[in-house]
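Student: Read off the chains here:
Protein chains: 2
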Amino acid sequence: MDRAYTIGVDFGTSSVRAVVADCADGRIVGGRAADYPSGEQGILLDPRDPHLARQNPADYVEGLRAVVAGALDVAAGETGFSRARVIGIGVATTGSTPMPVNGRSQPLGLDPRWAGHLAAQAWLWKDHTAAAEAAAITAAAREHAPYLLAPVGGTYSSEWFWSKVWHCLRVAPEVFEAAESWVELADFVPALLAGVHEPRAILRCVCAAGHKALYSDAWGGLPPAGFLARLDPRLAALRSRLYERAYPADRPAGRLSPAWAAAFGLRAGLPIAMGGFDAHYGAVGAGVRSGTLVKIIGTSTCDCAVAPARERMPDVPGICGIVDGSIMPGHYGIEAGQSAVGDILKWWAEGVCEGGDALHAQLSAEAAQLRPGESGLLALDWNNGNRTILVDPRLTGLVVGQTLHTSRAEIYRALIEATAFGARAIVERLTEFGVPVERVVCCGGIAEKNPLFMQVYADVLGHPMLVAGSPQTPAIGAAVAAAVTAGAAAGGYDRFEEAQARMTSIKDTAFVPDPSARPVYDALYALYRELHDGFGGVPGARGEFGSLMKRLLAIRDSVVTGGAPERGQDAG
Amino acid sequence: MDRAYTIGVDFGTSSVRAVVADCADGRIVGGRAADYPSGEQGILLDPRDPHLARQNPADYVEGLRAVVAGALDVAAGETGFSRARVIGIGVATTGSTPMPVNGRSQPLGLDPRWAGHLAAQAWLWKDHTAAAEAAAITAAAREHAPYLLAPVGGTYSSEWFWSKVWHCLRVAPEVFEAAESWVELADFVPALLAGVHEPRAILRCVCAAGHKALYSDAWGGLPPAGFLARLDPRLAALRSRLYERAYPADRPAGRLSPAWAAAFGLRAGLPIAMGGFDAHYGAVGAGVRSGTLVKIIGTSTCDCAVAPARERMPDVPGICGIVDGSIMPGHYGIEAGQSAVGDILKWWAEGVCEGGDALHAQLSAEAAQLRPGESGLLALDWNNGNRTILVDPRLTGLVVGQTLHTSRAEIYRALIEATAFGARAIVERLTEFGVPVERVVCCGGIAEKNPLFMQVYADVLGHPMLVAGSPQTPAIGAAVAAAVTAGAAAGGYDRFEEAQARMTSIKDTAFVPDPSARPVYDALYALYRELHDGFGGVPGARGEFGSLMKRLLAIRDSVVTGGAPERGQDAG
Numbered sequence: 001m002d003r004a005y006t007i008g009v010d011f012g013t014s015s016v017r018a019v020v021a022d023c024a025d026g027r028i029v030g031g032r033a034a035d036y037p038s039g040e041q042g043i044l045l046d047p048r049d050p051h052l053a054r055q056n057p058a059d060y061v062e063g064l065r066a067v068v069a070g071a072l073d074v075a076a077g078e079t080g081f082s083r084a085r086v087i088g089i090g091v092a093t094t095g096s097t098p099m100p101v102n103g104r105s106q107p108l109g110l111d112p113r114w115a116g117h118l119a120a121q122a123w124l125w126k127d128h129t130a131a132a133e134a135a136a137i138t139a140a141a142r143e144h145a146p147y148l149l150a151p152v153g154g155t156y157s158s159e160w161f162w163s164k165v166w167h168c169l170r171v172a173p174e175v176f177e178a179a180e181s182w183v184e185l186a187d188f189v190p191a192l193l194a195g196v197h198e199p200r201a202i203l204r205c206v207c208a209a210g211h212k213a214l215y216s217d218a219w220g221g222l223p224p225a226g227f228l229a230r231l232d233p234r235l236a237a238l239r240s241r242l243y244e245r246a247y248p249a250d251r252p253a254g255r256l257s258p259a260w261a262a263a264f265g266l267r268a269g270l271p272i273a274m275g276g277f278d279a280h281y282g283a284v285g286a287g288v289r290s291g292t293l294v295k296i297i298g299t300s301t302c303d304c305a306v307a308p309a310r311e312r313m314p315d316v317p318g319i320c321g322i323v324d325g326s327i328m329p330g331h332y333g334i335e336a337g338q339s340a341v342g343d344i345l346k347w348w349a350e351g352v353c354e355g356g357d358a359l360h361a362q363l364s365a366e367a368a369q370l371r372p373g374e375s376g377l378l379a380l381d382w383n384n385g386n387r388t389i390l391v392d393p394r395l396t397g398l399v400v401g402q403t404l405h406t407s408r409a410e411i412y413r414a415l416i417e418a419t420a421f422g423a424r425a426i427v428e429r430l431t432e433f434g435v436p437v438e439r440v441v442c443c444g445g446i447a448e449k450n451p452l453f454m455q456v457y458a459d460v461l462g463h464p465m466l467v468a469g470s471p472q473t474p475a476i477g478a479a480v481a482a483a484v485t486a487g488a489a490a491g492g493y494d495r496f497e498e499a500q501a502r503m504t505s506i507k508d509t510a511f512v513p514d515p516s517a518r519p520v521y522d523a524l525y526a527l528y529r530e531l532h533d534g535f536g537g538v539p540g541a542r543g544e545f546g547s548l549m550k551r552l553l554a555i556r557d558s559v560v561t562g563g564a565p566e567r568g569q570d571a572g
Numbered sequence: 001m002d003r004a005y006t007i008g009v010d011f012g013t014s015s016v017r018a019v020v021a022d023c024a025d026g027r028i029v030g031g032r033a034a035d036y037p038s039g040e041q042g043i044l045l046d047p048r049d050p051h052l053a054r055q056n057p058a059d060y061v062e063g064l065r066a067v068v069a070g071a072l073d074v075a076a077g078e079t080g081f082s083r084a085r086v087i088g089i090g091v092a093t094t095g096s097t098p099m100p101v102n103g104r105s106q107p108l109g110l111d112p113r114w115a116g117h118l119a120a121q122a123w124l125w126k127d128h129t130a131a132a133e134a135a136a137i138t139a140a141a142r143e144h145a146p147y148l149l150a151p152v153g154g155t156y157s158s159e160w161f162w163s164k165v166w167h168c169l170r171v172a173p174e175v176f177e178a179a180e181s182w183v184e185l186a187d188f189v190p191a192l193l194a195g196v197h198e199p200r201a202i203l204r205c206v207c208a209a210g211h212k213a214l215y216s217d218a219w220g221g222l223p224p225a226g227f228l229a230r231l232d233p234r235l236a237a238l239r240s241r242l243y244e245r246a247y248p249a250d251r252p253a254g255r256l257s258p259a260w261a262a263a264f265g266l267r268a269g270l271p272i273a274m275g276g277f278d279a280h281y282g283a284v285g286a287g288v289r290s291g292t293l294v295k296i297i298g299t300s301t302c303d304c305a306v307a308p309a310r311e312r313m314p315d316v317p318g319i320c321g322i323v324d325g326s327i328m329p330g331h332y333g334i335e336a337g338q339s340a341v342g343d344i345l346k347w348w349a350e351g352v353c354e355g356g357d358a359l360h361a362q363l364s365a366e367a368a369q370l371r372p373g374e375s376g377l378l379a380l381d382w383n384n385g386n387r388t389i390l391v392d393p394r395l396t397g398l399v400v401g402q403t404l405h406t407s408r409a410e411i412y413r414a415l416i417e418a419t420a421f422g423a424r425a426i427v428e429r430l431t432e433f434g435v436p437v438e439r440v441v442c443c444g445g446i447a448e449k450n451p452l453f454m455q456v457y458a459d460v461l462g463h464p465m466l467v468a469g470s471p472q473t474p475a476i477g478a479a480v481a482a483a484v485t486a487g488a489a490a491g492g493y494d495r496f497e498e499a500q501a502r503m504t505s506i507k508d509t510a511f512v513p514d515p516s517a518r519p520v521y522d523a524l525y526a527l528y529r530e531l532h533d534g535f536g537g538v539p540g541a542r543g544e545f546g547s548l549m550k551r552l553l554a555i556r557d558s559v560v561t562g563g564a565p566e567r568g569q570d571a572g
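Residue numbers (my numbering), protein chains in the order written: chain A, 1 to 572; chain B, 1 to 572.
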């Protein structure tokens with residue numbers, strides 16, 4: 001058969017990129033990225049409210065046009081490639097990133113009349129303005145519809161669809177009223193490419209619906225109108241303008257419209273894969289399968305796992321989402337995550353220490369010289385709240401153990417360790433509820449660039465940290481989905497597993513746990529959990545905070561003098 | 001009567017200074033300062049142990065020689081001054097700063113054979129190597145001699161005499177064995193000036209003895225030999241080589257020796273005042289009297305108050321020292337303090353942010369733009385342990401409330417506020433036990449230089465912050481003591497109160513509490529006490545840490561939106 005290629009597009013937090021991948025081996029024959037021009041690093045901010053994070057939909061539309069055309073231009077220089085051999089296109093995006101649209105599926109933010117209005121733009125995943133609404137939804141569901149919360153970990157998040165839409169209704173009712181419907185970015189882009197001009201005609205992916213909008217076939221789709229009416233009757237009215245059903249990536253989201261086909265020099269009618277979250281398609285691109293945890297480590301971290309759909313998954317408290325058909329068709333998709341990981345290191349090195357990339361490198365080098373426990377520091381990784389396992393955006397950072405000699409590099413390492421402890425809390429919660437974690441595959445910027453970070457994670461988690469073969473796993477995963485959507489007959493594949501086996505890979509080098517670090521990190525993790533459960537408000541938590549500083553010092557002293565750490569020792 | 005002058009010498013943590021003061025009005029007619037040349041900013045450090053802080057006794061001897069001669073040289077240019085009109089000399093020093101001496105009262109550190117040995121040097125007040133010994137002394141006293149601890153707040157400190165001497169015995173027995181006796185710096189300098197060549201002949205001041213060495217006339221002087229033998233028989237044997245009695249500053253410590261008189265061009269036989277701690281003589285120089293709290297704010301803070309000796313003082317838990325005759329003869333001297341204040345700001349601006357004086361100024365300016373509570377941060381001021389009211393050197397720092405937007409200036413302000421909350425805890429403990437605090441007079445470097453700091457203290461304490469008239473209050477206080485020791489007949493005074501009335505002053509400008517800051521700081525102080533008592537191990541402490549971050553956010557939100565803070569509100 002002739003060579004076949006698919007296009008994967010990945011809409012990230014600050015930029016969008018496209019790749020053209022060879023379906024035979026996943027090799028990228030063309031790629032192009034573009035930063036979003038609006039706001040600060042692509043994000044529209046409000047100086048009066050640090051929780052606000054929006055994006056300009058025009059950045060999506062123009063970015064899509066630029067990066068796909070650019071990637072195809074690069075691929076055109078590759079022997080054997082021709083635009084005629086492109087068999088499909090797939091799209092990964094951030095989420096939950098909903099935006100209000102008008103009756104022609106056009107985002108209000110593209111309308112000049114709404115251009116200056118922050119509520120009319122896309123509500124980026126990390127927008128936390130809707131904390132009060134999230135708490136109210138959680139409270140209402142606990143009282144009246146507890147089944148809604150079981151698959152999302154027991155708590156509804158301020159980062160999710162209904163919190164954001166309701167917050168818009170409350171603070172900007174004129175935007176809410178002007179919106180015919182709301183569409184997730186993951187659903188918007190395929191519909192845009194397919195030329196869908198009516199919101200009800202947009203095929204919605206179960207990734208966004210199930211993980212963020214309380215959708216489940218078990219209760220007939222979105223939450224019942226009666227439940228939404230308890231929040232606000234206008235939300236109940238909106239329900240009928242959204243969608244009845246959401247779908248896994250087992251069918252096309254649509255076919256490439258003549259206009260976009262002409263713009264790219266591609267064939268009109270090419271199949272477009274169902275949109276998916278960057279984390280989910282990133283997991284696909286990293287080779288997710290049962291027993292494999294994929295960690296997408298960047299500004300924040302998304303953890304993804306799958307379990308065969310034939311087994312009934314238990315609900316796992318604090319795990320944000322367990323959704324039938326998300327991530328890969330035929331599986332339960334399981335999603336967890338940490339609200340800030342790279343963002344915390346960036347905050348420290350750039351925000352507080354006021355350095356740039358060179359300072360990151362310097363702090364990493366200095367921190368790598370420290371032994372586990374040597375600094376006497378312990379931190380909580382909650383500068384942007386806690387997504388898993390506490391699901392509470394109104395938590396904040398904490399650092400304890402500072403002396404007059406504590407250095408910026410020691411704090412940098414303590415912050416890395418804090419995120420690693422947060423990662424361990426997630427792994428322990430998953431395994432406790434029967435989701436096996438036998439293999440950890442990492443991808444994302446930090447996995448590529450920060451060996452200290454990866455070694456700390458290996459030591460704290462006690463697992464080798466494998467690294468995905470490509471740095472562009474969401475785009476690769478979208479290309480995989482496109483190849484499956486096109487099907488074997490067209491030069492693609494009929495099943496995700498087949499496509500993954502050919503189109504994804506793991507790097508040869510892995511970060512292997514150092515056995516000597518294990519006892520110290522076990523002891524520090526126990527103290528972390530005291531702080532975590534105590535400050536996180538876990539019912540019945542019993543932190544012995546009166547001795548915590550001394551136990552940290554005892555660990556430090558034991559490391560410095562070379563002895564074994566004694567848990568619970570009070571050296572006072 | 002002719003003009004009369006006294007010399008006040010102040011041995012600080014990094015430098016020594018001398019002033020020549022006019023007894024009529026306290027005016028300084030000559031001054032000279034010198035940094036200690038040894039170690040890092042005058043302190044000998046051990047890179048393997050951040051708790052170690054020693055000093056080279058040669059720096060004291062050579063510094064004394066240089067600054068007194070230099071101050072007299074400056075004064076010589078003043079109309080009306082002549083060396084013949086100097087009527088006395090007084091000495092203030094850091095403490096507890098004991099050093100081992102040989103049989104001729106010579107510090108071992110001056111002996112070339114011991115020059116490289118850290119244990120043979122002076123053990124600076126802020127040396128915290130003896131935490132284990134302090135805990136063991138506390139435990140032994142609680143079991144066998146609880147009366148010993150009552151006047152020192154119930155807990156013996158690692159900063160104090162017996163902890164340090166015992167630690168030396170344990171880690172450097174060769175130094176302990178080589179020492180005929182141990183002498184506080186405050187007693188050493190007057191004896192050096194007087195040419196006292198036998199340790200038993202040194203007059204010891206009750207300041208050092210009573211506040212640091214468990215001395216009281218109530219139990220016949222130093223702790224009983226039987227008690228010391230429980231710690232180590234060699235400590236009991238040392239007792240007889242120390243001293244039987246200690247004295248208030250109501251008599252001369254000695255008379256200027258011919259050799260030192262010749263060196264300075266002064267009259268041999270001039271009276272030398274009893275040595276005193278810089279904090280105590282600083283309080284004298286700031287005009288301490290009943291109802292006045294003097295805060296000496298520098299790298300650390302010492303709080304001093306006096307109560308008339310005719311009233312029986314109750315013991316105050318956690319207050320380091322209540323000693324009959326210390327600070328001023330005829331009064332109970334009351335001493336409290338914070339282990340690190342300026343040192344914490346220095347750590348942040350210089351150690352972590354790696355700036356210099358300009359950064360301090362910039363951070364202060366930025367922090368001054370913030371409203372109380374606006375940052376959402378709360379900190380504990382324990383980077384160097386807690387001296388009062390927890391008396392626990394093995395406590396460490398803590399900062400909570402960080403977001404991804406938290407700035408270095410916000411943390412700088414939170415650290416200032418943390419030290420102010422620590423200061424408030426001391427004031428509340430004093431007033432709770434009947435020591436009135438009607439007037440707060442500040443002195444020291446920070447009181448002179450940092451208006452933001454002073455305003456935060458005024459707002460947190462709810463008292464105007466007065467500032468002593470001279471920046472050199474310990475030296476002025478030593479000069480006051482010299483004037484009283486010389487007596488009215490010689491051109492000085494017969495009573496401290498008379499000398500203070502003439503020789504000390506208060507600046508016209510004061511920092512006045514802003515009433516609008518009060519409710520926010522009351523709310524933040526309540527949260528501070530939760531952290532303080534919880535992490536400080538106060539028995540029965542019940543911090544609601546599970547809601548603390550949210551209550552901090554509620555305070556922040558109320559400040560940002562202009563409403564009143566609601567204590568205990570959970571905005572989650």
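These are calculated hints, taken from the structure and not from any lab test. Everything numeric in this text was worked out from a predicted model, so none of it was measured. It cannot be assumed that every hint is accurate.
Which copy is meant is left open, so a pair is good if it fits within one copy or across any two.
Once the Cα atoms are required to be at most 20 angstroms apart in a straight line, the calculated EDC-like pairs of lysine to aspartate or glutamate come out as [stated by the list, open to error]:
(1) Lys346 with Glu244
(2) Lys449 with Asp111
(3) Lys550 with Asp49
(4) Lys550 with Asp533
(5) Lys507 with Glu198
(6) Lys449 with Glu374
(7) Lys449 with Glu350
(8) Lys507 with Asp35
(9) Lys550 with Glu530
(10) Lys507 with Asp324
(11) Lys346 with Asp357
(12) Lys449 with Glu177
(13) Lys449 with Glu498
(14) Lys550 with Glu62
(15) Lys346 with Asp217
(16) Lys449 with Asp49
(17) Lys507 with Glu448
(18) Lys550 with Asp111
(19) Lys550 with Glu374
Student: So, for every hint listed, does it hold in this structure?
Tutor: Okay, the hints, checked on the actual structure:
no.	hint	verdict
1	Lys346 with Glu244	neither (41 angstroms within a copy, 61 angstroms between copies)
2	Lys449 with Asp111	neither (40 angstroms within a copy, 55 angstroms between copies)
3	Lys550 with Asp49	between (38 angstroms within a copy, 16 angstroms between copies)
4	Lys550 with Asp533	both (19 angstroms within a copy, 15 angstroms between copies)
5	Lys507 with Glu198	neither (44 angstroms within a copy, 76 angstroms between copies)
6	Lys449 with Glu374	neither (24 angstroms within a copy, 36 angstroms between copies)
7	Lys449 with Glu350	within (17 angstroms within a copy, 29 angstroms between copies)
8	Lys507 with Asp35	neither (27 angstroms within a copy, 58 angstroms between copies)
9	Lys550 with Glu530	both (14 angstroms within a copy, 18 angstroms between copies)
10	Lys507 with Asp324	neither (30 angstroms within a copy, 74 angstroms between copies)
11	Lys346 with Asp357	within (9 angstroms within a copy, 26 angstroms between copies)
12	Lys449 with Glu177	neither (46 angstroms within a copy, 57 angstroms between copies)
13	Lys449 with Glu498	neither (30 angstroms within a copy, 71 angstroms between copies)
14	Lys550 with Glu62	neither (56 angstroms within a copy, 40 angstroms between copies)
15	Lys346 with Asp217	neither (41 angstroms within a copy, 60 angstroms between copies)
16	Lys449 with Asp49	neither (32 angstroms within a copy, 34 angstroms between copies)
17	Lys507 with Glu448	within (10 angstroms within a copy, 61 angstroms between copies)
18	Lys550 with Asp111	neither (59 angstroms within a copy, 38 angstroms between copies)
19	Lys550 with Glu374	within (14 angstroms within a copy, 31 angstroms between copies)
In summary, the numbered hints that this structure violates are 1, 2, 5, 6, 8, 10, 12, 13, 14, 15, 16, 18.
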